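2 protein chains.
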Amino acid sequence: MSSQSVQQKKKIAIVGAGLVGALQACFMAEKGYHVEVYEMRDDIRKSEKVFGRSINLALSCRGKEALRMLGLEDEVTKNGIEMFGRMVHDYKGGTKFIPYGKENEAIMSIDRRKFNELLISAAESYSSVYINYCHKLVDCAFDRRELTFEKSETKELKTVKFDIVMGCDGAYSNLRFNIMKNTKLQYSQEYIPDRYMELRIPPNADGSFMMPKNYLHLWPRTTFMLIGLPNVPDHSFVMTLFAPYQIFESLDSDRKVIEFFRANFVDALEMMGEAFVTNAFRTLPPLPLVSVKCKPYNLEDYGVLLGDAAHAMVPFYGQGLNCGFEDLIVFNEFMEKYDHDFKKVLPEFSEYRSIDAQAMNDLAMRNYKEMKADVNSRLFILRKKLDNILYWMLPKTWVPLYTSVSFSRIRYHQCMANRDWQDKVINRAVVTLLCCTMAGLTYLGFNMGYFAKLNSRLAPWCSRVTEMINFK
Amino acid sequence: MSSQSVQQKKKIAIVGAGLVGALQACFMAEKGYHVEVYEMRDDIRKSEKVFGRSINLALSCRGKEALRMLGLEDEVTKNGIEMFGRMVHDYKGGTKFIPYGKENEAIMSIDRRKFNELLISAAESYSSVYINYCHKLVDCAFDRRELTFEKSETKELKTVKFDIVMGCDGAYSNLRFNIMKNTKLQYSQEYIPDRYMELRIPPNADGSFMMPKNYLHLWPRTTFMLIGLPNVPDHSFVMTLFAPYQIFESLDSDRKVIEFFRANFVDALEMMGEAFVTNAFRTLPPLPLVSVKCKPYNLEDYGVLLGDAAHAMVPFYGQGLNCGFEDLIVFNEFMEKYDHDFKKVLPEFSEYRSIDAQAMNDLAMRNYKEMKADVNSRLFILRKKLDNILYWMLPKTWVPLYTSVSFSRIRYHQCMANRDWQDKVINRAVVTLLCCTMAGLTYLGFNMGYFAKLNSRLAPWCSRVTEMINFK
Numbered sequence: 001m002s003s004q005s006v007q008q009k010k011k012i013a014i015v016g017a018g019l020v021g022a023l024q025a026c027f028m029a030e031k032g033y034h035v036e037v038y039e040m041r042d043d044i045r046k047s048e049k050v051f052g053r054s055i056n057l058a059l060s061c062r063g064k065e066a067l068r069m070l071g072l073e074d075e076v077t078k079n080g081i082e083m084f085g086r087m088v089h090d091y092k093g094g095t096k097f098i099p100y101g102k103e104n105e106a107i108m109s110i111d112r113r114k115f116n117e118l119l120i121s122a123a124e125s126y127s128s129v130y131i132n133y134c135h136k137l138v139d140c141a142f143d144r145r146e147l148t149f150e151k152s153e154t155k156e157l158k159t160v161k162f163d164i165v166m167g168c169d170g171a172y173s174n175l176r177f178n179i180m181k182n183t184k185l186q187y188s189q190e191y192i193p194d195r196y197m198e199l200r201i202p203p204n205a206d207g208s209f210m211m212p213k214n215y216l217h218l219w220p221r222t223t224f225m226l227i228g229l230p231n232v233p234d235h236s237f238v239m240t241l242f243a244p245y246q247i248f249e250s251l252d253s254d255r256k257v258i259e260f261f262r263a264n265f266v267d268a269l270e271m272m273g274e275a276f277v278t279n280a281f282r283t284l285p286p287l288p289l290v291s292v293k294c295k296p297y298n299l300e301d302y303g304v305l306l307g308d309a310a311h312a313m314v315p316f317y318g319q320g321l322n323c324g325f326e327d328l329i330v331f332n333e334f335m336e337k338y339d340h341d342f343k344k345v346l347p348e349f350s351e352y353r354s355i356d357a358q359a360m361n362d363l364a365m366r367n368y369k370e371m372k373a374d375v376n377s378r379l380f381i382l383r384k385k386l387d388n389i390l391y392w393m394l395p396k397t398w399v400p401l402y403t404s405v406s407f408s409r410i411r412y413h414q415c416m417a418n419r420d421w422q423d424k425v426i427n428r429a430v431v432t433l434l435c436c437t438m439a440g441l442t443y444l445g446f447n448m449g450y451f452a453k454l455n456s457r458l459a460p461w462c463s464r465v466t467e468m469i470n471f472k
Numbered sequence: 001m002s003s004q005s006v007q008q009k010k011k012i013a014i015v016g017a018g019l020v021g022a023l024q025a026c027f028m029a030e031k032g033y034h035v036e037v038y039e040m041r042d043d044i045r046k047s048e049k050v051f052g053r054s055i056n057l058a059l060s061c062r063g064k065e066a067l068r069m070l071g072l073e074d075e076v077t078k079n080g081i082e083m084f085g086r087m088v089h090d091y092k093g094g095t096k097f098i099p100y101g102k103e104n105e106a107i108m109s110i111d112r113r114k115f116n117e118l119l120i121s122a123a124e125s126y127s128s129v130y131i132n133y134c135h136k137l138v139d140c141a142f143d144r145r146e147l148t149f150e151k152s153e154t155k156e157l158k159t160v161k162f163d164i165v166m167g168c169d170g171a172y173s174n175l176r177f178n179i180m181k182n183t184k185l186q187y188s189q190e191y192i193p194d195r196y197m198e199l200r201i202p203p204n205a206d207g208s209f210m211m212p213k214n215y216l217h218l219w220p221r222t223t224f225m226l227i228g229l230p231n232v233p234d235h236s237f238v239m240t241l242f243a244p245y246q247i248f249e250s251l252d253s254d255r256k257v258i259e260f261f262r263a264n265f266v267d268a269l270e271m272m273g274e275a276f277v278t279n280a281f282r283t284l285p286p287l288p289l290v291s292v293k294c295k296p297y298n299l300e301d302y303g304v305l306l307g308d309a310a311h312a313m314v315p316f317y318g319q320g321l322n323c324g325f326e327d328l329i330v331f332n333e334f335m336e337k338y339d340h341d342f343k344k345v346l347p348e349f350s351e352y353r354s355i356d357a358q359a360m361n362d363l364a365m366r367n368y369k370e371m372k373a374d375v376n377s378r379l380f381i382l383r384k385k386l387d388n389i390l391y392w393m394l395p396k397t398w399v400p401l402y403t404s405v406s407f408s409r410i411r412y413h414q415c416m417a418n419r420d421w422q423d424k425v426i427n428r429a430v431v432t433l434l435c436c437t438m439a440g441l442t443y444l445g446f447n448m449g450y451f452a453k454l455n456s457r458l459a460p461w462c463s464r465v466t467e468m469i470n471f472k
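Top to bottom, those sequences are chains X and H.
Just so you know, full-length UniProt numbering puts 316 at position 316 of the first sequence, and the rest follows in order with no gaps.
Just so you know, full-length UniProt numbering puts 352 at position 352 of the second sequence, and the rest follows in order with no gaps.
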């Protein structure tokens, strides 16, 4: 009881009411804290739907577990749809299915907006959570534990006090920028050459999906790709085109756009409709993709970065959200381990978690290449099959990378180390096989007299050398 | 004449009057521009000397050439002193000389403050240059081409217009931070685990140097090191201790400091004096070292980052200043190439120069290890000797890395590529030698009957296999 009342006196300020911010508000409220959330935008439950700025989410094991801990899993997943693997589309519209894992293993496609709305409602259901909308962070006085926000309607400045501040304000985190000005933060941001554009395949006239619904549809084209995720509310597919900005720049007329789509995504073009696609290219700017790493995640004993604010990653593994939600599970575990002593919780969390989030960040960048190019190669499919056979034979030892990342809670850095170990084993096996073959052939060669001529010429020299060094 | 008057109408705003900012003011004034420099600090020619915050500068080929282009080389170098190599001190005070290059090749040690004073005076000698002191950049409105400064005495805000803005405001560049907020900048900052502390060996009572003056004195101790550079104005040595912050933290009493110095730098301790050293550890905070990379260096056709603001590097190659000055030479060349058309000059300069500055940044990080550890190893000295022999035999092909970086204007990325190529050649030579030896021994072994027993056992199998596959 007394520890509970100490917590209630501590004021937690969460910057950002996106998915991670809203869920962390729930976690902290569950622990008995008073939580103020400050969100730059207006309440999305009331605001108009804007097309073209979202990438559908793929919820997998780690994300689901965080929801389960707060009793939110069912409510969220009934708004999603399972995807059991990649459905790869070739140039002519033919398809090939590559499963993600075992038969029943699937990731879940969920509408980002609907998901966020659910979590905001969940957070606001706690009496100790208050969400301040239209509050943009403009200044931090960390030494005085003060944040200053600008209210977007009135431009009025408001300064608030906090005990612990949590930055859940995404890849372009304002809180992180302020931390950078004040401390020695290890930091990197990398914009990849690709941009993305959101497109859409509508439902059929009868309201059904236009393509098989339980798959992530993928058009890999080496230097660019199109993906499509099923969307439950309206049975559409949220399509995303990823391509270097030079390609977007070159598609500067309706004719070029249509030619490009006909040459590369003929089936998708038919489903989207030419008018829709050309209109999208005329009106939507291709959006950038950034990868952010930093360390530490904590600001002494009074601040912490969570989710994209700490480790924004490229979206090619579908782990951005799952990694952010797992941050919250881990944070929760450290809160329990150190009995809410933030002097220990914050630095220990940072030390432990940054190793995993950085590994995931690197894996996402690796998958960027895999999705665009490798899924087309025979070697990639052969490796995938070999992995699955070894996984079946050695279910505890040989967990394929995608399985460990998406269908387990094995620490990300361990997933990466396992994969590197697997690569090494396979490479060594291949090299050993080659060496044995070579040695065998050489030996046969000797015994079959192929080296006889060489031998007879060198023999006199050999015996002379032998005599000289007195070997015998 | 008409092009000249166009230039005079363009207003160049330079943020920072450090070495690079002051020299760039001279370059732009020479080209006929009106230049306003904004410096956060007061005029250093009038301000009090602060001990403990500088690392002496090593001026080499690239830096000298920039000065020569403005007729400033003689004035600067008469305030410096040549260093022909590293004088490595062992634990007992014994020394060993490792030259930097050929007999006459030297880098120059120069007092940072004196150097900066000279360049500020040089800049102010142009009627078209005006330096505004105590002006701290607080905001940028790039779309309106406006910068806002806070005057440090009055806290008054002052907004100024510019045509081209040049960020020469160092590793913690405020201009760069503002660019980051507004554009897609590739960016990384890395604080290395080492900190540094400035110390000093005073001159002898008769005013002479306490150690041989024409060397960079070096006490490499694997995980930390002490360096000493001769200082002309007063014949002292500016000493810098580089060590992981854990070491600085552990030296928390006078006794521990003295023990540490006695064990590692006994000769230096004697010259500095125990009281001086313990006092330094009591009063000076160890300072951080940061490595910054970013790209692009330009902000469309109206802004550019130069020197440390674009590429702050760790100080272990003595190239930070030289790289910054070479930026200005290259910038000048692009100004001439594109006849002052900033639409071309700025992006082309960025594309060309960032490759080299990033390579130098990486080389500095490599040298960090070399200076601390490798100079003690036999392999390092052997390699150095081998490089010098090959350089003597192939003066155009085999230029040692240090020579190409410090005594030539070969592009930094080329210096790095050359070194990587040299490493590959040496590695292949060693591997080839080993393989030949192995093959020779095996052959001898066969002919001397060492494999006879093995042979007689396997022979029946061999002939069967041979028959089966019908080779004969």
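Any given hint might turn out to be false.
As the list claims (entries may be wrong) - Pairs of lysine-lysine, DSSO-like flavour, derived with a Cα cap of 27 Å: (1) X:K92 / X:K369; (2) X:K293 / X:K96; (3) H:K102 / H:K10; (4) H:K151 / X:K181; (5) H:K155 / X:K161; (6) X:K184 / H:K161; (7) X:K161 / H:K181; (8) H:K213 / H:K384; (9) X:K181 / X:K161; (10) H:K155 / X:K155; (11) X:K102 / X:K293; (12) X:K181 / H:K136; (13) H:K256 / X:K136; (14) X:K158 / H:K155; (15) X:K158 / H:K424; (16) X:K293 / H:K369; (17) H:K384 / X:K181; (18) X:K293 / H:K424; (19) H:K293 / X:K184; (20) H:K256 / H:K102; (21) H:K161 / H:K9; (22) X:K64 / X:K78; (23) X:K369 / H:K256; (24) H:K151 / X:K158; (25) H:K396 / X:K293; (26) X:K181 / X:K49; (27) X:K158 / H:K181; (28) H:K102 / H:K343; (29) H:K396 / H:K384; (30) X:K151 / H:K92; (31) X:K158 / X:K46; (32) H:K424 / H:K384; (33) H:K181 / X:K181.
Claimed, not checked - A few chain H residues facing chain X, derived, Cβ under 7 Å: (34) C61; (35) Q189; (36) R200; (37) N204; (38) D206.
No wet-lab data here; the hints were simulated from the structure.
Note that the structure is a prediction, hence the values are computed from the model and not measured.
Cβ atoms here follow ideal geometry from the backbone N, Cα and C, with glycine treated the same way.
Hint-by-hint comparison with the structure:
1. Restraint check: the Cα-Cα separation between X:K92 and X:K369 comes to about 23 Å, which is no more than 27 Å; the hinted pair holds.
2. Between X:K293 and X:K96 the CA atoms are separated by roughly 35 Å; this puts the pair beyond 27 Å, and the hint is violated.
3. With a C-alpha separation of about 46 Å, the suggested pair H:K102 and H:K10 falls outside the 27 Å cut-off, and the hint is violated.
4. Restraint check for H:K151 and X:K181: the C-alpha separation of about 20 Å stays at or below 27 Å, so the hint holds.
5. Only pairs whose Cα atoms come within 27 Å are accepted, and H:K155 paired with X:K161 is accepted, the gap being roughly 25 Å.
6. A distance of roughly 32 Å separates the Cα atoms of X:K184 and H:K161; the hinted pair therefore is violated under the 27 Å criterion.
7. A C-alpha spacing of about 25 Å is found between X:K161 and H:K181, which places the hinted pair at or below 27 Å, so the restraint holds.
8. Restraint check for H:K213 and H:K384: the C-alpha separation of about 23 Å stays at or below 27 Å, so the hint holds.
9. Among the hinted pairs, X:K181 with X:K161 is consistent with the structure: their alpha-carbon atoms are about 20 Å apart, no more than 27 Å.
10. At roughly 23 Å between alpha-carbon atoms, H:K155 and X:K155 fall within 27 Å of each other, so this suggested pair holds.
11. Between X:K102 and X:K293, the direct Cα distance comes to roughly 32 Å. Violation of the 27 Å bound is thereby established for this hinted pair.
12. A hinted pair counts as satisfied when its Cα atoms are at most 27 Å apart, and X:K181 with H:K136 qualifies at roughly 15 Å.
13. At most 27 Å may separate the alpha-carbon atoms for a hinted pair to count; H:K256 and X:K136 exceed this at roughly 50 Å.
14. Of the supplied pair hints, the one linking X:K158 and H:K155 holds, its CA atoms being roughly 22 Å apart against a limit of 27 Å.
15. Of the supplied pair hints, the one linking X:K158 and H:K424 is violated, its CA atoms being roughly 62 Å apart against a limit of 27 Å.
16. For the given pair, X:K293 sits about 24 Å from H:K369 by alpha-carbon distance, which is consistent with the 27 Å threshold.
17. The suggested pairing of H:K384 with X:K181 is violated, with an alpha-carbon distance near 42 Å, which exceeds 27 Å.
18. Distance hint between X:K293 and H:K424 is unfulfilled; the C-alpha atoms sit about 33 Å from each other, more than 27 Å.
19. A distance of roughly 15 Å separates the Cα atoms of H:K293 and X:K184; the hinted pair therefore holds under the 27 Å criterion.
20. Distance hint between H:K256 and H:K102 is unfulfilled; the C-alpha atoms sit about 41 Å from each other, more than 27 Å.
21. Of the supplied pair hints, the one linking H:K161 and H:K9 holds, its CA atoms being roughly 13 Å apart against a limit of 27 Å.
22. Under the criterion of a C-alpha separation no larger than 27 Å, the hint pairing X:K64 with X:K78 is consistent with the structure, at around 12 Å.
23. Of the supplied pair hints, the one linking X:K369 and H:K256 is violated, its CA atoms being roughly 53 Å apart against a limit of 27 Å.
24. The suggested pairing of H:K151 with X:K158 holds, with an alpha-carbon distance near 26 Å, which does not exceed 27 Å.
25. Pair hint H:K396 plus X:K293 does not hold up; C-alpha atoms about 42 Å apart against a cutoff of 27 Å.
26. Of the pairs offered as hints, the one joining X:K181 and X:K49 is violated, with about 35 Å between alpha carbons and a cut-off of 27 Å exceeded.
27. Annotation: proposed proximity of X:K158 to H:K181 holds, straight-line Cα distance about 22 Å (limit 27 Å).
28. Restraint check for H:K102 and H:K343: the C-alpha separation of about 43 Å exceeds 27 Å, so the hint is violated.
29. At most 27 Å may separate the alpha-carbon atoms for a hinted pair to count; H:K396 and H:K384 meet this at roughly 17 Å.
30. Restraint check for X:K151 and H:K92: not satisfied, since their Cα atoms lie roughly 66 Å apart, outside the 27 Å limit.
31. Pair hint X:K158 plus X:K46 holds up; C-alpha atoms about 23 Å apart against a cutoff of 27 Å.
32. For a cut-off of 27 Å, the pair hint linking H:K424 to H:K384 stands: about 16 Å separates their Cα positions.
33. Among the hinted pairs, H:K181 with X:K181 is consistent with the structure: their alpha-carbon atoms are about 13 Å apart, no more than 27 Å.
34. Interface restraint check for H:C61: the shortest CB-CB distance to chain X comes to about 31 Å, outside 7 Å, so the restraint is violated.
35. Checking H:Q189 against chain X: minimum C-beta separation of about 5 Å stays under 7 Å; hint holds.
36. For H:R200, the interface hint is violated, the least distance from its beta-carbon to any beta-carbon of chain X being 26 Å, above 7 Å.
37. For H:N204, the suggested interface contact is broken, since its CB lies about 39 Å from the closest CB of chain X, more than 7 Å.
38. A least Cβ separation of about 44 Å between H:D206 and chain X goes past the 7 Å threshold, and the interface hint is therefore violated.
The structure does not agree with the numbered hints 2, 3, 6, 11, 13, 15, 17, 18, 20, 23, 25, 26, 28, 30, 34, 36, 37, 38 stated previously, though it agrees with the rest.
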